[in-house]
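Chemist: If you want the building blocks of each chain, they are given just below.
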Amino acid sequence: MIAFIVRRLLTGLVLLAAITTFGFTLLYLGGGDIARKILGESADAQTVAQKSHELGLDRPVLAQYGDWVAHAFSGDFGSSWFTGQTVSAAIFSRLSVTLSLVIGTVLVVAVVSVVLGVLAATKRGWIDKVAQLLAILGHAIPGFLFAVGLVLFFALTLGWFDPTGYVPFTEDPTGWVKTVTLPVIALALGGIANVTQQIRGAVIDALRNDYVRTLRSHGIPERRVILKHVLRNAAGPALAVLAVIFVGLLGGAVIVEQVFAIPGLGQVAVQATTQGDIPLVMGLLVATGVIVIVFNLLVDLAQGWLNPKVRLS
Amino acid sequence: MRFQKAAVAAVIAAGLALAGCGGGGGGNTGGAAKTAPSLVLGNIIPPQTFEARNLNWGNQSIYFQAVYDSLLKPSPNGKDVEANLATQWEYNADKTILTMKLREDVTFTDGTPFTAEVAAQNLLRFRDGTSPQRSKVVDMVNAAAKDKNTLEITLKQANPAFLIYLAQAAGMQESPAAFSKSDVQTNPVGSGPYTLNTGSTVVGTSYKFDKNPKYWNADAVKYDSLTINVYNDATSLLNALRGKQLDASAINDVSIIPQVKAAGFTDNGSSLNFAGLMLFDRAGQSNPALGKVEVRQAINYAVDRDAFLKAVGLGFGEVTGQVFREDSPAYDKSLNDKYKFDPAKAKDLLAKAGYPKGFELTIPTAPGFPKQMWPLLQQQLSDVGIKVSYVDVGQNIIPDLQSKKYGVSYFTLQRDANEWQLISNLLAPTATWNTFKYQDPKVDALIGKIRTAEGADRDAALKELNQYVVDQAWFAPWYTPTNFFVTNAKTKVELNQGNAWPNLWNITPKA
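The listed protein sequences correspond, in order, to chains A and B. Throughout the first sequence, residue numbering follows the numbering used here, covering 4 to 316 in sequence. Throughout the second sequence, residue numbering follows the numbering used here, covering 748 to 1258 in sequence.
Wrong hints could be hidden among the right ones.
Straight-line Cα separation of at most 25 Å, SDA-like style, residue types lysine to any residue; simulated pairs [stated by the list, open to error]:
#1 B:Lys1151 to A:Asp175
#2 B:Lys1118 to A:Asp175
#3 B:Lys958 to A:Asp175
#4 B:Lys1189 to B:Gln1161
#5 A:Lys181 to B:Ser1136
#6 B:Lys969 to B:Val853
#7 A:Lys231 to A:Asp208
#8 B:Lys1118 to A:Lys231
#9 B:Lys1257 to B:Val853
#10 B:Lys1118 to B:Asp1095
#11 B:Lys1152 to A:Gly35
Think of the hints as simulated: they come from the structure by calculation, not from any bench.
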């Protein structure tokens, strides 16, 4: 087990080195005149040249990358060229916001999908039709449109939630609930559509297995058969999809973050990339890379716990 | 097994709660209940830095007026200045030495006293820094303290807009103790009416300010706290306004104005910019045709300004034919009709210039430009024989224009209320937006005269300069878009004719 974890972490380090090198190259090639972008339209050419020199942008790309690597190894990721904030502070202040959304979304997706998927597979009938309809709607309705609809109805018409903004849990738990609920629902819709189908299909397959018939013939209550045996066997594919959703939301919640004006990682990632804010983008690459590597490792371990066959492979 | 389930549940719950706890304060970007007089503003961009030597202005000015004091205050008319940290000031005869008397009762929030020596240091640091506004103080040779509260600024040559600059970014005063601090970019130390609450601020998204309890001009501070939220998306800004989360806001997309008004906000409009085609290459370096004045005039005649105001500006604005403002002595209303839409005349002028079959013109496009204008512009120029091809330059539009890659471009540029500011920005040979650094002896002579003239002589020179620039078709202005600043029923504002944002002290509670 320990050897497996060490091997996976070492692979992760190699992956991280490859991602950052590739990312830096792309940013450098597509960066354009970053000093001009920072200073805007009113700065004169002399000031732009001075800014470029100050940031080291007039040096060879290899020297710039070498500098970044050296500083990164000592834990110094520099400061954003567009806000002056240290990269670590920029990421940590937004990571908590994004994790609020992502963990909340994954939880909602997991709970709703399991309930709906199991009911659809076992009861069939109208509830199955509802699940199928939800799957179609979840895939057909763009997340941002759903988000705008939620804001219009629940925030602006009913006034139950704040239409924009984010309140930290420590500052005001009620405010936190009022600001994260709608974004979480908006983000969860697509995931529920996807994972419900996975669970429904996997449960139907599992119900056809011989061991289910055996369990039932031994008089094991149906509820226990489903929850303890069938669901455990059916959870593998759903867990894999949940892992993909988690990773995707880390940087992919940008449109919903924008609609709700939430200061999350996705929003800052898109903005930093568009602007050519190399220190911040590189910091984000490292942070999300580490999270994804660690999270995937945890998912693999969870898969092994659910299914001993995976442990062997 | 039960223990495992409980453990998993506990880990998930803890994760969610910890995530919600929010390192760095997070910050409410709106919506919290107000228990004390507070002001919540919406802005379209965050400040790039709070370091005084590198400050920008325009839409960022509101952040700096909260934490810093400037030597002078800009008047809402955009042309004049008022006393602030400097209480008296006077120039010598040739206007190259400016002497200022400074307040003696001001201390920075870290306890450091404000003196003439500190003011001199701040000015010199700004001149030597990398602020986008730095070019405005290049005429400053030196700044020195004559005594504890007397500052002397020496200029290379007279600069009629210098006092205005001291009321903007260049005049902002930062504590010298903060100069070398590692967090100087995000933790400002000034003497202004508010202090930045770094614990509750989310850099780039939401900025919280607390009232400075020791502010020297306490009567001017109308709110106990100030929050400025950043919305780079028109939909979220509209939702925040409709959800009553903001007291006032700048608007970055005029299409939302009807909905904002329907939500009970007042749309206070001003006219700061002009939009149109900038005919930068007046010597024909990038395209020989542009060197002919008849060709530039033809481009003016070929464009239906009313159509562009309607299609691009959604009708919010006024058609114009000149770059000077309506309240300027340079302004001549008749110039707005000089190039009235006349494709036939445009064709004649092209033929006269030696281009009877027209010519080819490359125009850059960029993501921020209104897309609906491109087919209209292409069609109208094509109707007179000018074959337009577009090149998408993405985010590099400003660097490409500044490096003379394109002789003509659509752009929106500021019409500064102070005429010297406008000349320095658009017309002078060294102007940032005279991208080809085009020089014309008559323009040079008039600028030289305006630099030192006063009263009627200055006004006449300004009028002549405006007339000449329009005659020579340096630009093809279409319209002056309305800049909106919306306020709710509890808030009133006096707009600033010299800046995109009102002065902070001109945003006040309604009595």
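Chemist: Would you mind marking each hint as holding or not holding in the structure?
Modeler: Verification of the hints:
no.: 1; hint: B:Lys1151 to A:Asp175; verdict: violated (54 Å)
no.: 2; hint: B:Lys1118 to A:Asp175; verdict: violated (43 Å)
no.: 3; hint: B:Lys958 to A:Asp175; verdict: holds (22 Å)
no.: 4; hint: B:Lys1189 to B:Gln1161; verdict: holds (23 Å)
no.: 5; hint: A:Lys181 to B:Ser1136; verdict: violated (50 Å)
no.: 6; hint: B:Lys969 to B:Val853; verdict: holds (19 Å)
no.: 7; hint: A:Lys231 to A:Asp208; verdict: holds (16 Å)
no.: 8; hint: B:Lys1118 to A:Lys231; verdict: violated (58 Å)
no.: 9; hint: B:Lys1257 to B:Val853; verdict: violated (29 Å)
no.: 10; hint: B:Lys1118 to B:Asp1095; verdict: violated (30 Å)
no.: 11; hint: B:Lys1152 to A:Gly35; verdict: holds (14 Å)
Checked against the numbered hints above, the structure violates hints 1, 2, 5, 8, 9 and 10; every other hint is satisfied.
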